[in-house]
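Here's the letter readout for the chains.
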Amino acid sequence: MNVGKTSLLHRYMDRTFKDTISTVGGAFFLKQWGPYHISIWDTAGREQFHGLGSMYCRGAAAVILTYDVTSWQSLAELEERFLSLTDTAHHDCIYAIVGNKADLTDTNAQLAQDSDGHSGDSDSLERTDEQVLSACPTPPASPVSLSGLMPHKQVTHEDAVALYGRILRYKGLEETSSLPAEKMCFETSAKTGYNVDTLFETLFDLVLPSILRKRNENQGCTVNLEDSRGGGGSKRSRSGCC
Amino acid sequence: MSVKAFELVPAVERDLLMGDKARINIECIECCGKQLYVGTNDCFIHHFLLDEVTSSKGKLTYFAQKLLHKYLGLKKPVSELRAASALQRLIMLCDGILFLVDMVSLETVPSGGGAKIRGVTAFCVNENPVDGDPFCVEMAVLSSKRRTVQIYTVNKDRVQLVKEVNTPEQPCAVSLDGYFLCLALSTQYMILNYNTGASQDLFPYNSEERTPIVKRISREEFLLAAPGGLGMFANSEGVSQRAPVNWSESVIGAAVCFPYVVALDENFITIHSMLDQQLKQTLSFRDGHILQDFEGKVILASTKAVYVLVPLPLERQIQDLLASHRVEEALILTEGAQRNIPKDRFQILYKRILQQAGFIQFSQLQFHEAKDHFRKGHLDVRELISLYPLLLPASSSFTRCHPPLHEFADLNHLAQGDPEKVLRCKKFLISYLGEVRSTEVVNGCREDVDTALLKLYAEQDHASLLDLLASDNACVLADSVPWLEKYHKYFALGLLYHCNGQDSAALQMWTRVVDGDLQDHTRSDLYEYIVDFLCSASNLDLVWKFADWALHKDPTIGVHIFTKRIASKVQAELNPDDVINYLGKHSQALLLYLEHLVLERRIKKEKFHTHLAVLYLERVLLLLKSPTDEEQLTNARERLQAMLRESSLYRVQFLLGKIENCEQLLLERATLHGKLEEHDKALHILVHKLRDFPSAEAYCLWAASSRDAASRQQIFHLLLQVYLGKPQMAPDGCNGGEMEMAAVDLLNRHGEAFDAVRVLKILPDGWSLQLLKPFVGRAIRASMHACRTSQIAVGLARSENLQLLHDRLKERKKPIVISEKKGCHLCHNTFSEPDVVCLPGGVPVHTHCGAQRIRDSPTKRQLTNSSNHT
Chain A
1 MNVGKTSLLH RYMDRTFKDT ISTVGGAFFL KQWGPYHISI WDTAGREQFH
51 GLGSMYCRGA AAVILTYDVT SWQSLAELEE RFLSLTDTAH HDCIYAIVGN
101 KADLTDTNAQ LAQDSDGHSG DSDSLERTDE QVLSACPTPP ASPVSLSGLM
151 PHKQVTHEDA VALYGRILRY KGLEETSSLP AEKMCFETSA KTGYNVDTLF
201 ETLFDLVLPS ILRKRNENQG CTVNLEDSRG GGGSKRSRSG CC
Chain B
1 MSVKAFELVP AVERDLLMGD KARINIECIE CCGKQLYVGT NDCFIHHFLL
51 DEVTSSKGKL TYFAQKLLHK YLGLKKPVSE LRAASALQRL IMLCDGILFL
101 VDMVSLETVP SGGGAKIRGV TAFCVNENPV DGDPFCVEMA VLSSKRRTVQ
151 IYTVNKDRVQ LVKEVNTPEQ PCAVSLDGYF LCLALSTQYM ILNYNTGASQ
201 DLFPYNSEER TPIVKRISRE EFLLAAPGGL GMFANSEGVS QRAPVNWSES
251 VIGAAVCFPY VVALDENFIT IHSMLDQQLK QTLSFRDGHI LQDFEGKVIL
301 ASTKAVYVLV PLPLERQIQD LLASHRVEEA LILTEGAQRN IPKDRFQILY
351 KRILQQAGFI QFSQLQFHEA KDHFRKGHLD VRELISLYPL LLPASSSFTR
401 CHPPLHEFAD LNHLAQGDPE KVLRCKKFLI SYLGEVRSTE VVNGCREDVD
451 TALLKLYAEQ DHASLLDLLA SDNACVLADS VPWLEKYHKY FALGLLYHCN
501 GQDSAALQMW TRVVDGDLQD HTRSDLYEYI VDFLCSASNL DLVWKFADWA
551 LHKDPTIGVH IFTKRIASKV QAELNPDDVI NYLGKHSQAL LLYLEHLVLE
601 RRIKKEKFHT HLAVLYLERV LLLLKSPTDE EQLTNARERL QAMLRESSLY
651 RVQFLLGKIE NCEQLLLERA TLHGKLEEHD KALHILVHKL RDFPSAEAYC
701 LWAASSRDAA SRQQIFHLLL QVYLGKPQMA PDGCNGGEME MAAVDLLNRH
751 GEAFDAVRVL KILPDGWSLQ LLKPFVGRAI RASMHACRTS QIAVGLARSE
801 NLQLLHDRLK ERKKPIVISE KKGCHLCHNT FSEPDVVCLP GGVPVHTHCG
851 AQRIRDSPTK RQLTNSSNHT
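Going down the list, the sequences are from chains A and B. So that you can map any letter, position 190 of the first sequence is 190 in full-length UniProt numbering, and since no number is skipped, the others follow by simple counting. So that you can map any letter, position 158 of the second sequence is 158 in full-length UniProt numbering, and since no number is skipped, the others follow by simple counting.
No lab work stands behind these hints: they were computed from the structure. Built from N, CA and C at the ideal position, the CB exists for glycine as well. Careful, some of the hints might be misleading.
If you only want the chain A side, here are some residues facing chain B, beta carbon under 7 Å, derived [stated by the list, open to error]:
#, residue
1, Gly25
2, Ala27
3, Phe28
4, Phe29
5, Leu30
6, Gly34
7, Gln48
8, Leu52
9, Met55
10, Gly59
11, Ala181
12, Lys183
Here are the in silico distance ranges between beta carbons for each label pair [said to hold, decoys possible]:
#, chain 1, residue 1, chain 2, residue 2, range
13, A, Leu173, B, Ile348, 46 to 56 Å
14, A, Thr202, B, Glu369, 27 to 37 Å
15, B, Glu369, A, Ile21, 48 to 58 Å
16, A, Ser177, B, Phe135, 52 to 62 Å
17, A, Ile21, B, Gly197, 41 to 51 Å
18, B, Val162, A, Leu30, 37 to 47 Å
19, A, Leu30, B, Gly197, 49 to 59 Å
20, A, Ile21, B, Gln416, 28 to 38 Å
21, A, Leu30, B, Thr282, 25 to 35 Å
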């Protein structure tokens, strides 16, 4: 069910990968970026909290849409369920599409990128967060049955790029005047830290000029960096590979 | 988890309200200052006076005194009550009818003007009114039938409709702040600006399933019950600026009492922090019915009784957190409370909390965090030092602050006797003190800090001990001495004495270490260190006092005290005479010192030079008596000879007298004769006694150096004469041939120093030219050269002379013009030839006339030269 939004943020903010529990409602982080504070909302992915998404997105300068690279459905749900939540974002909001859990399918991503991360050790395949199982009643797949198998990568980079194009169309944006898809589609691993800093730092650098411009126009504007999520996909991926 | 942030205190007991009537329940409450109003389901209003009493132990209790109760006559429950204290009115909602009653008499007040407002489901009062009139209350009213919100203003006896706005769905709960209505509709929440009509959907919510909550918590910010049992925050722009709190699904009332969100459900009061969204406290509360805050006071009611939720003082909450070692939460709470506490008080509180937090982390050996907190909290470092037994100097005036920042008596208590822990704590203190000692943190307690650091360094055998003592420090001497002695840090102790201006004590200490009386292996080169120290010591008494010890130890190094003494203006200069007198008994040192004076400092004093020469001589003589080491002797003689040759300041006669009788030192004697310009004696010794021709030649070169050519020549001729002198003067065993060869060599080698003509005259006739070819060749070439050079010089001089004459002429004269038309002054005939003679005054005459006139003139000879001036 989880695509790993909270884990991504923990990796970026605390430089660690720890067990997270399913986010209740939403969580809020402040990141010091140079002389500025950037507020980042970590949204709840559960259906129950779906309605709150548009609140968090309101006036956001950037939205990170996260899916699970081992779950085609998580990408599909991004488009079906979560894209509409971003309607409340600022009109020149930028969108990043992030495929998390890349360590499961890509050996490059198994190498830790920062000192305190685990390198791709043998149990990296057993990526079955306990809360995933408890939060999702249907999949009975045990962690053991997964070990030794490389989950099939269900979402390719091209799929993400295509989604990005559709998002631009949905938003009524010209592809030529928007940021290119190659720049805005990432594959990350919160577990190893792969690409995580790159993701956030790229976004901050892109977003800061427009925030400053907005602030000059309108004093006291707050900035939300919003994590939307795709959910429910891991169920399918598990059954697919077992 | 739990923090004790609040206490539930009963305010109105059941007895006061309904006695034992089981069916009567509380429906609504209102509190305004000490006035408490309770509305019941049997249409009564009860008015109490609520007195707050604090017991001597600080415990708060409430005493409710019933003032009045009044039946409203509608037989329906009183569903809402709001006080408008400025108007002395209560706004009541009962049976869908909104009306005013007097706050004191509880009598209904006719709402003049319009009819009673009917069909009302809910209303709220604007706590941030847009109208500035204090005697006017604004309220928003929801009706049961219409999808509208009505805005009324309430005056003392009049209720007036101001505005009516439509809503997309039936509203069921409302809150008002300024122009912003926060509404719970049947399927969602929304913000509606009743002035502009602009609306902002917030999020969906099914008000059929759960009672919605819209609670204004501060200016333009609302707290809403969200799906999934969340407490969501939203501001008037529809943006959430705080993360939600996680309530239960069945919350029926909520309020904010900063920094906490208090919520009531059927069985519990839950208290979440707005700062970290965590659940902090849960209080069991049965039959909970109402939770409301009135002017910052949170009041709850069950169906039968009223309670006040009293917040514990913030400081106590923080202390509770600290007591349970929840440092992070305590700090978050403190920082979060910043805006509720006056700035100066906050600063004091915050510092103290940081310090306490630091000590907690310190006790858990989390040194990094502890250090941060000590720093940020501006901890008096002595608080930390005082944990370590005996570190603070006895003279320190420090006492720990009260109330104490931590619970520990000392480090042993903290570490519970674990030596490993103690050691880590000590290492931490070392690094911490090392870092802070140069900052302003230690202002006013530098002695204490430095002394503590010194003790730690000594105890831990830390290398920085010497750095500390070598730099500017404030270690207390009396306290440090026994400590350093205890750990055998005698070298360091010496440094400490030195820092305190007790150089004598320092040297005493060090000399004892060098002598082996005390054991300290800090420096293996301590002796050299002492010598260096004495070199730079400004106190001469000290130098005299310890020089003896140093010289006894090692004269060659000891003498550095005098020779390497850094000359500077601040330092008193040592008088060389005093030093020489002093060094009398240390002959080796004396020699070195004199060498230093004469050879290095080049002091031009006869006394030193003579003294040094005599010392050299004595040494040579000594060695001659016991000729064991050839090399040593050669060495000594070379020194003596060099001295005799180089210096010209010693008393030659005196030395000569000393070696007159020594046949082994002929070379030296020759040198001395040379000094006296007695070259013949010197050469005689060299040639006839020593038969050392190279030395004789060297002597000539030496004696002739820096002399004019004539004396050079003389000296060389002298040697030549000695060589060519009468053979019978030579001592036996040597023949004239050898001398002659020496003479030939001399001539061939130093031909330029001789007058060739004189040489040729005295040379024996039998010598072949071949023998002297180099000399003769060179001599001829030299004289040729001289001849030509002088010719050139003559030529040059002449041309110069001519040039000068020419110049002179040009200066003095115009040309003398002669022509065939001009006549000679003497014969008056014209000139026919260019040859003329000028008379003085430049008058041209015929040559023969001029000659004639000279012949006739008595002074003819004087004029003969003045011809040829054409």
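**Report entry** 27 to 37 Å as the expected CB spacing between Glu369/B and Thr202/A, which holds or is violated
**Finding:** holds, 32 Å
Query raised in the report: Would the stated hint for Gln48/A survive a check requiring a Cβ distance to chain B of less than 7 Å?
Result: Hint on Gln48/A: holds, closest Cβ of chain B at ~4 Å, below 7 Å.
Query raised in the report: Range hint 46 to 56 Å: satisfied by the CB atoms of Leu173/A and Ile348/B?
Result: 55 Å Cβ-Cβ, so the 46 to 56 Å window holds.
**Report entry** Minimum beta-carbon distance criterion (7 Å), Lys183/A to chain B
**Finding:** At about 28 Å, which exceeds the 7 Å cut-off, the nearest Cβ of chain B leaves the hint on Lys183/A violated.
Query raised in the report: Is the distance from the Cβ of Ile21/A to the Cβ of Gly197/B consistent with 41 to 51 Å?
Result: The hint (41 to 51 Å, Cβ to Cβ) holds, given that Ile21/A and Gly197/B are roughly 43 Å apart.
Query raised in the report: Is the interface hint for Phe28/A satisfied, with its Cβ closer than 7 Å to some Cβ of chain B?
Result: holds, 4 Å
Report task. Go ahead and decide if the range 25 to 35 Å is satisfied by the Cβ distance of Leu30/A to Thr282/B. Result -> Holds, at about 28 Å.
Query - Hint check, Leu30/A versus chain B [nearest Cβ-Cβ separation less than 7 Å] - result: violated, 11 Å
Query raised in the report: Using the C-beta atoms of Ile21/A and Gln416/B, is the stated range 28 to 38 Å upheld?
Result: Hint holds: Cβ distance 36 Å, inside 28 to 38 Å.
Report task. Starting from the range 48 to 58 Å, see whether the pair Glu369/B and Ile21/A falls in it by beta-carbon distance. Result -> violated, 26 Å
Report task. Against chain B, run the beta carbon of Gly59/A and see if the smallest gap drops under 7 Å. Result -> holds, 6 Å
Query raised in the report: Close enough to count: is the Cβ of Gly34/A nearer than 7 Å to one in chain B?
Result: violated, 22 Å
In this structure, the hints that do not hold are numbers 4, 5, 6, 11, 12, 15 and 19, in rising order.
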